[in-house]
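Please build the complete structure, drawing on both the sequences and the hints.
Protein chains: 2
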Amino acid sequence: MATHDSWKADIGTLSEAVALDDRKFVVALARGLEVLRVFTPSEGLLGNQEIATRTGLPKATVTRLTYTLTTLGYLSHIDRLEKYQLAPGALAIGYSTLANMRIRQVAQPHMLALANYTGASVALGTRDRLNVIYIEFCRGKSASLLRLGMGSRIPVATTAMGRALLAGSPEKDRQWLLRNIARREGKKWPKIRLGVERALKSVNNRGFSISTGEWQSDINAVGVPLVPSDGSGVFAFNCGAPTFHFDRARLENEIGPRLLNMVRNIEAELSGR
Amino acid sequence: MATHDSWKADIGTLSEAVALDDRKFVVALARGLEVLRVFTPSEGLLGNQEIATRTGLPKATVTRLTYTLTTLGYLSHIDRLEKYQLAPGALAIGYSTLANMRIRQVAQPHMLALANYTGASVALGTRDRLNVIYIEFCRGKSASLLRLGMGSRIPVATTAMGRALLAGSPEKDRQWLLRNIARREGKKWPKIRLGVERALKSVNNRGFSISTGEWQSDINAVGVPLVPSDGSGVFAFNCGAPTFHFDRARLENEIGPRLLNMVRNIEAELSGR
DNA sequence: CATCTAATTCCGCTCTGCGAAACAAGATTC
DNA sequence: GAATCTTGTTTCGCAGAGCGGAATTAGATG
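So the protein sequences, as listed, match chains F and E.
Note that our numbering gives residue 22 to position 22 of the first sequence, counting from 1, and the numbers run on in steps of one.
Take the position in the second sequence, starting the count at 1, then add 273; the result is the number in our numbering.
Heads up, none of these hints are tricks.
Below 30 angstroms or equal to it, Euclidean Cα-Cα: the simulated DSS-like pairs (lysine-lysine) are:
no.: 1; chain 1: F; residue 1: Lys59; chain 2: E; residue 2: Lys297
no.: 2; chain 1: E; residue 1: Lys297; chain 2: F; residue 2: Lys83
no.: 3; chain 1: E; residue 1: Lys297; chain 2: F; residue 2: Lys24
no.: 4; chain 1: F; residue 1: Lys24; chain 2: F; residue 2: Lys172
no.: 5; chain 1: F; residue 1: Lys24; chain 2: E; residue 2: Lys356
no.: 6; chain 1: F; residue 1: Lys172; chain 2: E; residue 2: Lys356
no.: 7; chain 1: E; residue 1: Lys414; chain 2: F; residue 2: Lys141
no.: 8; chain 1: E; residue 1: Lys445; chain 2: F; residue 2: Lys83
no.: 9; chain 1: E; residue 1: Lys332; chain 2: F; residue 2: Lys24
I should point out that these hints are in silico values taken from the structure, not numbers from a laboratory.
Spelled out as structure tokens, the structure:
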């Protein structure tokens with residue numbers, strides 16, 4: 001096998017590292033998708049060279065892949081800069097994904113109600129690789145600083161929502177995730193680990209996780225996992241606001257239980273009918 | 274070459290039909306992406322068989338592709354139903370795409386202002402294949418019936434925004450689009466064509482296109498194209514409301530010019546600084 | 001004009017990806 | 001409970017798609 005297998009390190013959807021010498025695995029497809037993945041919200045314009053170094057693929061291969069992706073409308077080429085950017089085709093797939101998450105429609109009104117009542121922001125998210133992605137978001141009055149919204153990516157290990165997702169994931173996924181986060185965080189891991197373990201216990205005991213300024217120093221939040229019985233995935237909600245608005249006591253005694261209650265209602269509505 | 278090339282008919286990004294026997298074209302990648310595309314907002318759960326018939330690919334091939342996509346986190350398998358659905362990985366790519374469209378950030382406040390002032394909904398969209406996709410949306414007070422929002426797909430030929438996009442596209446793309454729409458619409462085409470041609474003239478003369486109930490019988494709207502000078506694509510705005518709110522005269526004399534003015538401002542802001 | 005750097009093209013080789021057909025696993029019917 | 005659907009997986013030999021090192025082109029820079 002070739003030497004360009006850096007993406008191995010980063011798969012993380014399935015429950016265990018795969019045998020990648022697998023006869024069923026279509027490498028060309030994986031590589032093409034990997035090219036799309038190197039475009040991130042912060043890195044939106046890339047040339048073939050940059051793509052090549054970032055993916056570890058040889059230049060010639062990248063040329064072919066970008067050519068194909070451009071032909072199909074997933075990338076577009078900015079002639080003036082000799083760079084590529086993601087094109088609407090990539091959007092279309094994302095929107096189809098979003099449209100098929102019934103949980104969003106069901107959850108939205110509940111989230112809105114809670115956001116209005118508490119004045120905080122309420123979000124619904126799920127996990128992709130080592131990130132959490134918001135798939136629905138209700139801005140509270142005190143939204144203030146928070147530069148978040150749908151599509152935002154936040155870390156797994158230091159946020160209330162991320163920790164709730166961890167708690168809701170099957171054991172194998174959780175192990176895999178923690179292993180990889182540990183590797184990435186290096187020295188910071190021991191401290192992070194403590195927070196995670198405390199949060200997992202908290203979810204088991206009280207139903208919600210807490211993060212007090214562990215990600216953004218001025219934001220406190222609670223999180224609750226939701227695993228729909230139809231097996232459609234693992235989700236989590238959070239409710240967060242600036243620290244001066246939610247102190248720890250209020251988080252534990254009021255907001256946490258309230259968010260939990262909301263999730264119970266959504267859960268019932270999802271499986272009922 | 275194999276007989277499974279239905280997707281040829283549907284490419285539509287580049288300026289002219291490609292030589293697909295091209296040595297540079299990675300077929301396996303194209304096929305894998307085609308598998309993702311058969312999942313639409315209305316068809317969110319598909320089994321291998323269904324995917325095979327919809328794409329025209331042989332079963333064995335589909336098995337391999339779905340296996341790969343699942344491994345990578347773009348599809349997830351619902352065991353209970355023996356079906357696949359789009360997974361968060363697909364979302365992530367879409368969000369990265371959105372995040373890199375500077376036009377959204379720039380346009381948003383302007384759109385909001387116009388929506389508030391007119392009471393109508395204002396949207397920003399771009400094209401993917403034969404559809405228009407909303408990438409930003411401001412709901413007006415009179416939003417009422419309109420079941421739209423970000424990610425909505427609307428037709429090209431019968432909507433104000435679609436027609437504005439047509440007007441803003443390079444000649445070759447426009448030709449290609451019209452040819453394909455004609456083919457799809459069949460008998461209805463002659464009538465649709467008239468509306469399109471009138472709209473193209475209208476954009477040239479007055480700067481905006483109009484659709485009065487030609488898509489949704491109770492919605493009137495105007496549209497204005499915007500082609501940023503950085504070559505990042507072709508976009509269009511619309512401003513629409515129920516017919517009783519926007520009669521034709523008001524559309525032509527007030528809303529159209531106002532939307533056009535808004536777009537000029539956005540354009541200036543985009544290229545300036 | 002020489003010297004960068006980035007993108008594309010060439011081209012021969014290899015191993016990937018292909019797909020018909022066989023196989024497996026449930027459901028349904030009679 | 002044998003026979004017949006339907007849907008998904010696996011096998012396996014072959015063809016040629018995709019690969020990637022190296023050469024080439026195209027622009028920018030000094």
